[in-house]
Amino acid sequence: MKRSIIKLDNVWKIYRMGHVEVNALQGLNLDIKEGEFVALMGPSGSGKSTAVNMIGCLDVPTKGKVFLEQHDISKLSESELAQIRGRKIGFIFQQFNLVPTLAAIENVMLPMIFQGIPEEARLKKAKELLELVELEDRMRHRPSELSGGQQQRVAIARSLANNPEVILADEPTGNLDSKTGANVLDFLDKLHSEEKKTIIMVTHDANLAKAAERTEFLKDGKIVRTSNNRRSG
Amino acid sequence: MLKDYAIFSLKNLRNRKLRSWLTMIGIFIGIAAVISLIGLGEGLRLAIMSQFGFLGPDVLGVQASGIAFAGPPGSMVATPLSDELAGKIEKINGVEAAFNRYIESSTLEFNNKQDIGIAGSAPEGENRKIFERMLNLRADEGRLLKDGDTKKAVVGNDFKKEDAFGKGIKIGDKILVNDIFFEVVGILEKKGSFIFDRIVMINEKSMIDVLGIDKKKVDVVAVKVKDQNRIVQVKEDIEKLMRRERNVEKGEEDFQVESPQQTLETLNSTLFAVTLFVYIIAGISIAVGGIGIMNTMYTSVLERTKEIGIMKSIGARNSAIFTIFFVESGLLGTVGGIIGIALGMSFAYGISFAGRYLLGSEIIQASVSPFLIIGALIFSFGLGTLFGVLPAYRASKLNPVDSLRSAK
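Line by line, the protein sequences are chains A and B. Take 1166 as the starting number for the first sequence in the working numbering and just add one per residue. Take 955 as the starting number for the second sequence in the working numbering and just add one per residue.
Just so you know, these hints were derived from the structure itself, not from any lab. Do not rely on the hints blindly, as some may be mistaken.
The calculated label-pair distances, taken between Cβ atoms and stated as ranges, are [to be verified]:
1. A:S1209 <-> B:G1237: 51 to 61 Å
2. B:V1242 <-> A:H1306: 50 to 60 Å
3. B:V1242 <-> A:A1347: 52 to 62 Å
A quick note: this is a predicted structure, and the numbers were derived from the prediction, not measured. Note that beta-carbon positions come from the ideal geometry of N, C-alpha and C, so glycine has one too.
Could you build the full structure based on these sequences and the hints that come with them?
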């Protein structure tokens, strides 16, 4: 049995909007093991984004527990959470979310700055990562000077900066055409098979979800169905 | 770490060049005003000090005064002091010596060039030594006057230079004072005072006999007090005597008894009031500038909400976000301050330069002390950070989930 890396145990998230309470998550249970490639699917309003926030340690649940490597993070402070997600989780967003004022290489170095890694080591690592995503000739370009696919590859490089165990990709191909989307997916696949990263990908595209070993279907704030894809064997 | 954040902040400021500049204008106008006006004020104070500052604390001057508002200075209708007053003042308890001084503006001519200058009398006999000590007179070249020097003069140090008459005056030269030849026997040491460095000093007797000055119209009675601690008492006694002599009531005096030191203090307090006023105006400007920084920083936080969310999601702690914004506003303040100092100094020195060349006056001098510069720098940095605290705190407290979702 593989080690559990992220485990959501009966997680509830309740938002108050004026006088109305919105139950974004209603007893979500999810267990993601080390080295898995899991797709999270669901229609809009199913609580996907909230689930991503929980998995990514961006938010804490109203009720229930979130375990990251067996540690309960539900009670941690903002700053402690920030420190943990900077080290353990690499984010890839639909809108790339690069810092527009910084060059590609600086964007990749940014997570390492927040972890206090010395400049030389930062630079070396960032170069390696940009080579990995085949952008070594675009290091000094700003996001506005890069295509969508290139920006997303910079974001992939950035997500790997602190060598996290988990890559959390939220609709990573949502803003890309199918060809560049497939290219980005290939990189994720490579990270999974070659770098042995745990990958959690949120998508609403069933075709994309096929790349994963397991797909979890989310509806009304909880998992309603799990399917193992052919690759999991 | 801090260095990385500083570089990051600098990039952000550069990226919003126009706004950064506009924000800094408020700061550097204020700082420039403080630096230039305080610099000039301090220069003015030093210049005035150098005019009279060498007169000791044990000296009093008695002068006739008139109705000042009746016309331009110098045209006052004043009853002149009589030449017998000095003798009477000398008898007052605590007075070491009192003597008449005649000070006359006269035409000077040398090297076929004319100029207006001041001829001042030097007392003779026993008072000469006291007079020389009082003004701390020493000859740079030649000698000082002595009794029996008729048609002989000692001139101020500035006459050595060419700019007065196109040719420097040397010992043995003859100059025309009110169309009468005087032989220059000595040149005074440099005093740094525009009055004493351009004076023509002549013996009292020559002044009256040769230049024909009215002996009965004394300009100043110079008084040397025995004990400087008792100067206030002596001053009051002289005033009492003067009121009796000139037959005026207290409060209606047509004369003044002043000590140069007291005059300086009065001037200082006037200058202080002016300086205070400048401080207040500059303070307002700086406060407005500071609020400008705050406004810019708040706008920046709003604009970069998404960026803050991104940074938080990739591991930035609240303290890191705070530092980035805090350093940014500190930089705005400091850079504004540096520009302000540069502007203020060039303004102050520019004015004093223009004053020297256009007016030929050295009274407009700039003096910007290193303390003022360092103080202004620390102040502007402090200002930037002070007004940056709230926006930076706001930024650091943003919720990562909400800020990631924000449209910008």
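Taking the hints in turn, this is what the structure says about them:
1. A:S1209 <-> B:G1237: 51 to 61 Å: The hinted range 51 to 61 Å holds for A:S1209 and B:G1237, with Cβ atoms some 56 Å apart.
2. B:V1242 <-> A:H1306: 50 to 60 Å: violated (40 Å)
3. B:V1242 <-> A:A1347: 52 to 62 Å: holds (57 Å)
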